[in-house]
Amino acid sequence: MAKRFDIRRQWGFTTIAMICFFLLYLPIITLVVFAFNSGQSLAVWEGVSFRWFVAAWNNSQVQEAAIRSLVIALFASTVATFSATMAALATTRTAPYRGLTFKYAFINQPLMVPEIVTAVALLIIFARIKVWTGYSGLGYLILAHTAFCIPFAYLPIRARLESMDLTMERAAADLYATPWNAFRRITLPLLWPGILAGFMLAFVISLDDVVITEFVKSGGQDTLPTYMLGQLRRIITPEMNAISTVFLVISVLIVTLFFLVSRKRA
Amino acid sequence: MASAKQVAQSAHRKDVLNRWLLSTPALLIILFAAVGPLFIVLLYSFMVKGDYGDVKFGQFSLDGWFNVFMQRDIFDDTLTINDAHLAIFWRSMKLSLTTTILTAIFGFPTAYFIATRSERNRDIWLFLVTIPFWTNLLIRTFAMQEVIRNEGVINSVLKWLGVIDQPIQMMYTDWGILFGMVYVYLPLMVLPLYASMEKLDFRLVEAGYDLYANSFQVLWRIIIPIVKPGIIAGSILVFIPSLGAYVTPRVLGGGKNMMLGNLIDLQFGQGRNWPLGSAISISLMAIVMLALLFYVRNATSSGARHG
Amino acid sequence: MKAKLTAAFAGLAIIASVGAAHADGELNVFNWGNYTSPEMIKKFEEQYKVKVTVTDYDSNDAALAKVRAGGHGFDIVVPSANFMPIWISEGLLLESRPDQMENFKNVDERWVNVEWDMGRHYSVPWQWGLMGMIVDTSLYKGDINTSSIFLNPPAELVGKINVAPEMNDVMYSAIRNVGGQWCTTDKEVLKKVRDTLVEAKPKWIAMDYGVIEKFASRDFGAAFYWNGAAIRSRLANNDVKFGYPKEGFAYFMDSAAIIKDAKNVDNAKLFLNFIMDPQNAGMISGFAKYANGIKGSEAFMPDDMKGAPELAVPKDLEAAGEFLKPCGPEVNELYTKIWTDVLK
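Chains as they are written, first to last, in the numbering used here: chain A, 133 to 398; chain B, 73 to 379; chain C, 15 to 358.
Please note that the accuracy of each hint is not assured.
Pairs of lysine to aspartate or glutamate, EDC-like flavour, derived with a Cα cap of 20 Å [what the hints assert, rightly or not]:
| hint | chain 1 | residue 1 | chain 2 | residue 2 |
| --- | --- | --- | --- | --- |
| 1 | B | K300 | B | D282 |
| 2 | C | K205 | B | D155 |
| 3 | C | K206 | B | D149 |
| 4 | B | K328 | C | D355 |
| 5 | C | K206 | B | D145 |
| 6 | B | K128 | C | E104 |
To be clear, the hints were calculated from the coordinates, so they are not data collected in a lab. Quantities reported herein were computed from a predicted structural model and do not represent experimental measurements.
Between the sequences and the hints, there should be enough to build the whole structure, so can you do that?
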């Protein structure tokens, strides 16, 4: 054959994908560009300046909020991904058994309820517990975030699992592998893209959460979104852009690091 | 010596037990921090509303539920169906459906593109797709404003190219909201789709071509059915949360028209009617649960076949 | 999970130590977003060696729900005037007697015996302002001292008006515009209110917060909004002027008070006294650009606020301004129904 026919090609898909990526980054680029705006406005460009980065540097409230967001998101998405992976393994690739449908609905429940409702309900319960135990640290926020992150991690992992059939694991069992070994050496690596997708989704969802955090937080526990929500009613300056840019850069650095490390191991 | 049937049964039981054990962490966390609190909400929906928010605990009333569906007209005291609530519900429903469909249309090629990159690069592309979403929602929505405003990026570029004379009004329109919603919910569609597609066995695709199918048929008859779980997962992840969305519609739509999220929010805020807010939420949840259960039946049966 | 909690504690400890080096005490302030001057907080921290954390809220109802539920950890809260009676009647505030504090003599007389806190037994004025018409006069040359601009928009401004999504303020304006009184249950009046709002809404472009930007970029031609934002809009676009609706306009005043179960009562009292000092009050105002209730603070305000027309009610319109009182649950339910109807 003269020209290699690429069986993967679908008409127009690459174009659409490229357009998507471009449009995805357009607002982000605007955001980053305006972080360097010397004027006060988010819209009117007045020249280059680092003043907003300086302002953000001096704004300890924002820095604390950002760090807090990261800490909560890391804990919550990790625990959520663990739990979700186990739950997905438990509820997929099996003949229906008693309670399966119930479990599925249960696990996805946080998705189904408007955030404000969960937020108010959590406020009421956690407030009582806070008064009983006197503990009012980040634990509540982490617990709340983990809960609503689970379905977000669960669904991609489950989708991935469903596209995998059991022949490989059966082959492993035939070769006298213990279930744990089979899991570790076969299922897990195959499942990994799903787990990764789930983790990242959960991470992002946790970072973004406004409503539930707003209601559950105690004094001095602002996260970045709740801090910005407070700013919403007053004025928004490019300081927000500067903070977001820094946040973004740090996140990218962390992820790149993570990549390089896992590449080496692979 | 146990019979084969008994062995099989006890193995099955052990398997089910294992599955329950595996799901315990997830179930417990959700019980404490999501489902459990919901019972409070259910309880609250049956209470008398407090004078200044909250409820008069212990005093029961069906007013909350009544007001979800019916209303007493304030001017002529007639009892009618609460068309304000219906209108708001329908508006949110339409927006969510459209958002889901659009994210699927745009997300599918994107996920496919990522899944068909080389092994080395796939993860990189995946991260590229999620990085924009590590800024947070409020900031992203404001940044989106900058793009679609009358003097924003899109209009400025189009003007500069001479394509238009007057700016296209996108801000504060339904199209603007849709644009923003698709933008916000795209990764929720792409990630599950990708997870499903990545394992796609292209030998099946090749077989399709060998049998003289064209690329569209291959797509429709081979690829899509295999990645159906991903499509379902993505649709759920987009449709349901978008029903309660209110930040994006408010910022980009100007807040003139209430969404379901705004309506519920109002009841817990200035409206000071927690029972009504609770009742509306439970109703919403019930509708959504029905839809979800329908999908589960669908998905579980195909899952069993794979086993 | 326990390991995570311990780690969370550790993380929190690290975060806490990122702040002030060594502090003798703490103070937790619960305030509106972007309403607390960081300069003023720093000064307080240095003067009294207290570490201050500021947590934000975006609505009176959210703040009330939070504190009412308990276990919040806040010491100072800054409710609006129309909510203060609720806070007091539910026993959520400490009767800290600011009127007996050293700096009380600086409080402007007209803000001492206010309906919602007679004699100031509970609270100290933080900032006050009002909602009126912000208009870009390059688009509209007529009288701007009227709420008819957003309730019955002139042709030049149709499709360019923003109305703040504040139920009470908008309802108040509409009621007064058709000739009624606040808290009225008169069906005739309310019907007119509902119809006016429903008719006017299609002529608005948005009901949003954050107008300053939009005046700068001329996306908005007019807005029914707060006067502090009006100052900043004018600084960004000098065609912008502020109008006081002659049919009636509503003041808001936020006052700082100590929460009943506050942990750091002594530091909180120091704080209340601190903000009654003209220099510190000036700092508070300079940040959000609203007037405050302390005499002599003008001298300490930034230049762009001195003599600003948005802060001085014209003599002939003074009678039209009043504070909104809480109307009671039945009326609130009525108004919420109308509001939902308008927004559906």
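Evaluated hints:
1. The hinted pair formed by K300(B) and D282(B) fails the criterion: a straight-line CA distance of about 23 Å is larger than 20 Å.
2. At most 20 Å may separate the alpha-carbon atoms for a hinted pair to count; K205(C) and D155(B) meet this at roughly 18 Å.
3. The suggested pairing of K206(C) with D149(B) holds, with an alpha-carbon distance near 17 Å, which does not exceed 20 Å.
4. Simply put, K328(B) and D355(C) have alpha-carbon atoms about 12 Å apart, close enough for the 20 Å limit, and the pair holds.
5. Distance hint between K206(C) and D145(B) is fulfilled; the C-alpha atoms sit about 15 Å from each other, no more than 20 Å.
6. Proximity of K128(B) to E104(C) is assessed by CA-CA distance (about 13 Å); at most 20 Å being required, the pair is judged to hold.
When held up to the earlier numbered hints, the structure conflicts with hint 1 and nothing else.
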